[in-house]
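Participant: Chain by chain, the residues:
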Amino acid sequence: MAAFIELKGVAKRFGALEAVKPTDLALQKGEIFSILGPSGCGKTTLLRMVAGFVEPDQGRIIVNGEDITDRPPNKRPINTVFQNYALFPHLSIRDNIGFGLKMAGRPRDVITREVDEMLELIRMADHAHKRPALVSGGQKQRAAIARALINQPQLLLLDEPLAALDLKLRQHMLLELDRIHDEVEITFLYVTHDQGEAMGLSDRIAVMNEGSIEQIGTPAAIYETPATRFVADFIGDTNILDGDVTARINGNYVRLELDDFGPVVAWNDKGLGPGDAVHLSIRPEKFTLTREPPGATAERNAIQGRVEDLIYLGSQTKFRVGVGGRRITVLQQHARFQLDTKPIRWDETVWLSWHADDGYMILERGAAAEGGQG
Amino acid sequence: MVRRWHEWLLTLPSLTWLVVFFLIPSLLVFAISFRPAGPYGGIGEGWTLETWQGLANPNYPEIVWRTVWLSVLTTVLCIAFGLPVAYALARMEGPWRNRLLLLIILPFWTNFLIRIFAWRTLLHPEGLVKDVLLLFRLASPETQLLYNSWAILLVLVYSFLPFSILPLYAAAEKFDFSLLDAARDLGASRWRAFVSVFIPGVSAGLLTAFLIVFIPVLGSYAIPDIVGGPTSEMIGNKIAQRVFNDRNLPHASALSSILALIVILPMLAVLVRRRRRGDGAAGGRAA
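So the sequence lines, in the order shown, correspond to chains A and B.
To convert, count from 1 in the first sequence and add 251; that's the working numbering.
To convert, count from 1 in the second sequence and add 2; that's the working numbering.
Hints may contain errors.
Simulated coverage check for chain A against chain B, where a stretch passes if three residues somewhere in it have a Cβ under 8 angstroms from a Cβ of chain B [unchecked claim]:
1. 313-325
2. 332-343
3. 346-357
Which residues of chain A face chain B? A partial, calculated answer using Cβ under 8 angstroms [claimed, not checked]:
4. Ala302
5. Phe304
6. Asn402
7. Arg455
Anything over 10 angstroms on all C-beta distances counts as not near chain B; from chain A, calculated [what the hints assert, rightly or not]:
8. Phe265
9. Gly266
10. Gly303
11. Ile329
12. Glu368
13. Glu427
14. Arg430
15. Asp510
Calculated directly from the structure, the hints in this document are not laboratory data.
These numbers were taken from a predicted model, which means no experiment stands behind them.
Glycine is no exception: its CB is placed at the ideal position from the N, C-alpha and C atoms.
Could you build the full structure based on these sequences and the hints that come with them?
Facilitator: Spelled out as structure tokens, the structure:
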């Protein structure tokens, strides 16, 4: 399938700061694509270049086969939902939503009809006459989305659209966004620093750091097979252990010697051989915690440690287990409260075990930049 | 009820001040216009409509008209020049913004009259402006730059521009410029975004700028006196003449009252209309 939206080598520099290094990106028609990264990673600059507010130093932006790089924002088939909503305070919700059609010079009765449809879509017909100052944060958010969608853009940009909302409302709006996307079938480019939003909403995610994209993939690919140490660290919790490959085991696995940790077996998806330096990332929920030594097999690693800290989180308990000078974070799900009569306590000696497939090897930065494509 | 009582108490000092030094004197001026003039410049006994009938002077409509159009045009120009300046200032980086604001306030450090006399030198038939205009063949040697309405307009705009820039800047500084991005994003050209989003966004500043320029210009006296000459007088000059030359206080009072009515009547009309629309809250904020 040909890409619907394409960024080719787009870059931007502000003085000495390389805000966005030459970046390629290809979006499919109708997908929700997220750019995820910490603040200052360049994701907002990238978005503003697509919207037309920032002129790229180099590179081209192509939408549906048309090069729009040199067009001003008002001449692009793209609309934006701004972080602070940016609703016009002097106009009613209705006039805010109809603004784009008015600018396009559409007849008044057409505007009224289409605004009515939008109000229906966002379920705000009762508040149409109000000024933005008089509606709630979630309603402002919905109005901002409707105002952008009514122009039927080829691409909808969403700049941290939920950042200003509280947690409950954020979760609700996430579902709402998903529903709206299903109805309008417009391509969404969603920029956020919140991995929960990106994971929950996106078809694909690009993780961005220091002006460049470190990995593009489905939420599961990004989570389970991070391409770089940064991605592993930034997405969710993880334990990263440094070490070297010492031997290959029957093609699919390698033996690693980890600093402060000892020998373990890991899945060898990269065809590594003895001498390669790696980071091993093991997610906290991948461990099994037991008092008795687990029945070790060739692909199951087991190591003894001591519980140094534990935090009860309701559905889960987070353990900090000391193993040879390292503290490993372990997350255990409480599936069966009634049977869990003797939970593991602080200061107990326990066995940590995990399947070799659940330890994911990451090469030193740079060597694996193209890896992990989902 | 307690809160209302507190509000009244807090308003009391300013209310007293305005009543004693503004409302009562204004009413006195209005009242004096119905008194006869005393033979030696004082105010005579009894009541009369003589002064108001005497206003049917054939010169007056022309002077009132000139006063009004000069005031309106000055205000419009001050706002038209002030808006882009306020916009640019508000978008500027901190240090530069402060330096430029200082430049805008700088003229106030020189006495008002001296600045106007400086214009007289500049616009003089052998002054700098004329020389430059002649150099570029934009004026003929007979062109008279001083002593006409255009000279007054020029100096009025020069004098009152800072007064329009400051409130407009104060409003622009609070304006959320991402709204302009939003307007552009939704298909508005730069100009359209400025007109349909920025200008409504600084409407409170526009109203302040309008009042702060229009009202003083309406009553201006020194500027038309110094650069305007006898053929382009404004009401302010006539009032001064009635007081200082003719020593006819009732006549001066009548003229002052006309001036006050020119301001008060439109404001009352706006207020009544707002009240009728039940737009009380919004009206209170804007005023």
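Participant: Determine for every hint whether it applies to the structure shown.
Facilitator: Consistency of the hints with the structure:
Coverage of the stretch 313-325 of chain A by chain B holds. Counting CB-CB distances below 8 angstroms, 3 residues qualify, and the rule asks for three or more. With 7 residues having a Cβ less than 8 angstroms from any Cβ of chain B, the stretch 332-343 of chain A passes the three-residue criterion, so the hint holds. Under a criterion of three residues with beta carbons nearer than 8 angstroms to beta carbons of chain B, the stated coverage of the stretch 346-357 of chain A is upheld, 4 such residues being counted. For the restraint placing A/Ala302 at the interface with chain B, the shortest Cβ-Cβ distance is roughly 6 angstroms, inside the 8 angstroms limit, so the hint holds.
Interface hint at A/Phe304: satisfied, since its Cβ lies 6 angstroms from the closest Cβ of chain B, which is below the 8 angstroms cut-off. Below 8 angstroms, beta-carbon pairs count as interface contacts, and A/Asn402 has one with chain B at about 7 angstroms; its hint therefore holds. About 24 angstroms separates the beta-carbon of A/Arg455 from the nearest beta-carbon of chain B, more than 8 angstroms, and the hint is not met. With a minimum CB-CB distance of about 14 angstroms to chain B, A/Phe265 clears the 10 angstroms threshold, and the non-interface call stands.
For A/Gly266, the requirement that its beta carbon stay farther than 10 angstroms from each beta carbon of chain B is met, with the minimum near 13 angstroms. Its closest Cβ contact with chain B, about 8 angstroms, brings A/Gly303 to no more than 10 angstroms, contrary to its assignment away from the interface. The beta carbon of A/Ile329 sits about 8 angstroms from the closest Cβ of chain B, which is not more than 10 angstroms, so the claim that it is off the interface is violated. Even its closest Cβ contact with chain B, about 17 angstroms, leaves A/Glu368 beyond 10 angstroms, as expected for a residue assigned away from the interface.
With a minimum CB-CB distance of about 21 angstroms to chain B, A/Glu427 clears the 10 angstroms threshold, and the non-interface call stands. Once the 10 angstroms rule is applied to beta carbons, A/Arg430 is consistent with being away from chain B; the minimum gap is 23 angstroms. Residue-level check passed: A/Asp510 sits 48 angstroms from the nearest beta carbon of chain B, beyond 10 angstroms.
Of the numbered hints stated above, those contradicted by the structure are hints 7, 10 and 11, listed in ascending order.
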